[in-house]
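Visitor: Top to bottom, those sequences are chains A and B.
Using my numbering, you'd call the opening residue of the first sequence number 1 and step up by one each time.
Using my numbering, you'd call the opening residue of the second sequence number 1 and step up by one each time.
A few of these clues could be false.
What follows is a set of in silico ranges between Cβ atoms, one per label pair, in the way DEER data are often shown [as the list claims (entries may be wrong)]:
| no. | chain 1 | residue 1 | chain 2 | residue 2 | range |
| --- | --- | --- | --- | --- | --- |
| 1 | B | D329 | A | S223 | 35 to 41 Å |
| 2 | B | K335 | A | D64 | 34 to 40 Å |
| 3 | B | Y435 | A | A153 | 35 to 41 Å |
To give an idea of the chain B side of the interface with chain A (calculated C-beta under 7 Å), a few residues [what the hints assert, rightly or not]:
| no. | residue |
| --- | --- |
| 4 | T25 |
| 5 | Q29 |
| 6 | E157 |
| 7 | G161 |
| 8 | Q171 |
| 9 | T175 |
| 10 | N176 |
| 11 | E189 |
| 12 | E192 |
| 13 | G390 |
| 14 | D426 |
Lysine-lysine pairs mimicking DSS-like chemistry, simulated, CA-CA at most 27 Å apart [what the hints assert, rightly or not]:
| no. | chain 1 | residue 1 | chain 2 | residue 2 |
| --- | --- | --- | --- | --- |
| 15 | A | K171 | B | K453 |
| 16 | B | K335 | A | K171 |
| 17 | B | K396 | A | K66 |
| 18 | A | K66 | A | K171 |
Hints were generated in silico from the structure; no laboratory data involved.
Virtual Cβ for every residue (Gly too), placed ideally from N, Cα, C.
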Amino acid sequence: MFKNILLATSATNACDHAARVAFELAGLFKSHISILHVLGVPSRGFSQMIVDVRTGETVPLNDDYKAWVLEEVKNYYENQIKAHNDTETNVAVGFPHREILRYARENNPDLIVLGGSTDDPDLSGYKKNIAGTTLQRITKSAQCPVLIVNRPAASFWGGISNIVFGTDFSKASDVSFQYAKKIVTSINDGELHIFHSFDISSAHTGLSLSQDEIEDQLREARSKIRKRYISQLKGFNKYSIDVWEGLPYVEIVKYAREKQADLIIMSHQAREVIPDKARLGSNMEQVIMRANCPVISINRHTSALFE
Amino acid sequence: MPEGTLCNRQPIQTEESLKTLLGDTSGEQYYKQMKELDVDQNLLWSTIQKTCKSRIRTWLEICAHCGMCAESCLFYLINDRDPKQVPAYKIQSTLGEIIKRKGKVDNEFMHMAMKTAWAKCTCCNRCGLYCPNGIDMGVMMGYLRGLLYGQGFVPWELKIGAGMHRVYQAQMDVTNEDFVETCEWMAEEYEEDYVGLHFPVDKEGADILYTINAREVKHYPEDLAEAAVLFHIAGEDWTITSKGWELTSLAMFAGDWEACKIQVVSVYDAMERLKPKRMIGTECGHAHRATVVEGPYWAGREDGLPPVKCMHYVEWVAEALRTGKLQIDPDKRIKEYVTIQDSCNYIRNHGLKKITREIMTYMVEPGYFIDMNPNEEHNYCCGGGGGFNGIGLYRKERNQALITKRDQILKTGAKLVIAPCHNCWDAIRDLEEEYKIGIRWSFLKPLLIKMVKVPEHMQPKE
Chain A
1 MFKNILLATS ATNACDHAAR VAFELAGLFK SHISILHVLG VPSRGFSQMI
51 VDVRTGETVP LNDDYKAWVL EEVKNYYENQ IKAHNDTETN VAVGFPHREI
101 LRYARENNPD LIVLGGSTDD PDLSGYKKNI AGTTLQRITK SAQCPVLIVN
151 RPAASFWGGI SNIVFGTDFS KASDVSFQYA KKIVTSINDG ELHIFHSFDI
201 SSAHTGLSLS QDEIEDQLRE ARSKIRKRYI SQLKGFNKYS IDVWEGLPYV
251 EIVKYAREKQ ADLIIMSHQA REVIPDKARL GSNMEQVIMR ANCPVISINR
301 HTSALFE
Chain B
1 MPEGTLCNRQ PIQTEESLKT LLGDTSGEQY YKQMKELDVD QNLLWSTIQK
51 TCKSRIRTWL EICAHCGMCA ESCLFYLIND RDPKQVPAYK IQSTLGEIIK
101 RKGKVDNEFM HMAMKTAWAK CTCCNRCGLY CPNGIDMGVM MGYLRGLLYG
151 QGFVPWELKI GAGMHRVYQA QMDVTNEDFV ETCEWMAEEY EEDYVGLHFP
201 VDKEGADILY TINAREVKHY PEDLAEAAVL FHIAGEDWTI TSKGWELTSL
251 AMFAGDWEAC KIQVVSVYDA MERLKPKRMI GTECGHAHRA TVVEGPYWAG
301 REDGLPPVKC MHYVEWVAEA LRTGKLQIDP DKRIKEYVTI QDSCNYIRNH
351 GLKKITREIM TYMVEPGYFI DMNPNEEHNY CCGGGGGFNG IGLYRKERNQ
401 ALITKRDQIL KTGAKLVIAP CHNCWDAIRD LEEEYKIGIR WSFLKPLLIK
451 MVKVPEHMQP KE
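Please model the complete structure; the sequences and the hints are all you need to start from.
Guide: Dropping the structure here:
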């Protein structure tokens, strides 16, 4: 399933949980794992100064510094690297989202794993230069699925079995479904939970619906799920279907908790990066922030891979 | 000591020597060697005799020492009105002295002159506007820089920068292949959002040849994508060139006249090869000055003009908005207090003061654009121009120089500062980092992208 995993990391504890998930997956699927640390954001115009994202200090860039940081990153993940031989470590200089995307483009990973953001305002080297977060920009533009572990609670210890696939019935969701199916059928004892939340927020509908109307919608969604997805499962019968009403991101987080999900798979459709409302825009971003398991985001670029 | 291995009178000619110099972290050895570097007084005097023409000689001669330039200089104002920061003093005590002494100056003098040329002047040319005799100290400072460069007394980063232009014909180690490849990458990334988006390469006879700053390729290629998107939305017939695409010139900041010529000729060659109707450069002030205003003279062009008509990006934006090629969704206009930082290099050096204000009338909801005071051709330098931003040795002085702009911005009450210039953009970013006044800063492109109407044929199907 996963042959080549890219773990993009700040090499700080903000990414520990993501690293744990990445190495778990790499162990489970015998994958090659590339650790990439973008060590510094260029600063001072055309000068050779960078802002080290770990220390927040402005330092002159040279080969020694790069080599030193590379060693630091290797030391940081020493135990994991020892336990998983097929690991390589790289460092890059630049804006993190751009360098991660550049590396991904050159090395074609089949999964990018990202941790939570470094929220310490003093470590804001990641954020201050170009508006919009690293996470937003990568989930928008990556050419492969992106797995995000935003909260410590979202990292798993014991493998994957319960997979929640959240759908809004878009074309992009169809792709996410293919992906979810691929994962669930490639693991032992996998269970697929197909979920849709009917959005009842007044901002969305513009009017309040009667419960009968809502329930009609729920029924319709259930039959859509059967037609669109179940028909494709062909003999795989460890699945469940649920349709709830509410605020989609809240409902999916609750649902995942109830199902003890190990993974949520959703499609990411946001077209623009909204700098000031970073991470508050879409359902996807809300789910990433709140979920207590890793979330895989599939964007439109990824779609081509599964069509 | 004669010349050092790192600090010497020789320009960087090869990739190898460029890497060696880069390897000297922060120029530690370089500056040590500079302390020992002899002044080649004969060379200095003969260079002056050959290159210091009547304009500069006249200017030096007719300066009445009236002090009218003092208050015009941001360095004078932020340094407690130190008489040594009066522009006339700065140029008379350096270039004036070198000429008076017929080049017989020593190492200590050259160190003083280097600091004056790069840490006490950003070549913003504001003083020239206030001199009753029309003397432009900024231009003379540029000339002084050339003399200093020729003797090896140039800040480390600028020796490297000029070397980059000599080796790569770009201000950073970005090759022609890197450039074209990055454009292809951006087309891939953005074409789903903007159907049909691509970068025409080496198209002959296009209406527009677009040139850029190598940093866009290296660090923020989104800027390239945004330029392409806007050209496509506007329905322009445009192209990039696979060779001669770098508009900027750190060589100009360094005073490396030969590299200035090499760089600008590479762009002019592209113009002559592709024969576009006009060239439009990215949002960069000094690059415009280098390629459009000064370049023709470096390249020895008799008409004093580039091979084709050249426009700064702001001119194209204004034209596109005026003619309706780009249409702004009125609901998406900026509805917060916003100000603009114009680059000295397109304002005082190229008279574009009305253009950005015209753009603001389209992009900003009436009542929300607050001009800085003073503004237009009287606007102050961002505090980081002329290469100042990138010089580690003068970081403290540069941070101090940002104060004028900081206070100008604070007085507007704006939280968003638009800066259609890489240098100003950098300086304002650093200003926020240094003084934390709670502002955001942006080029025009990302703001435009958010508010322009995308024609139907470019909209994604789903």
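Visitor: Hint compliance check: list the failing hint numbers for this structure, sorted ascending.
Guide: 2, 5, 9, 10, 16, 18
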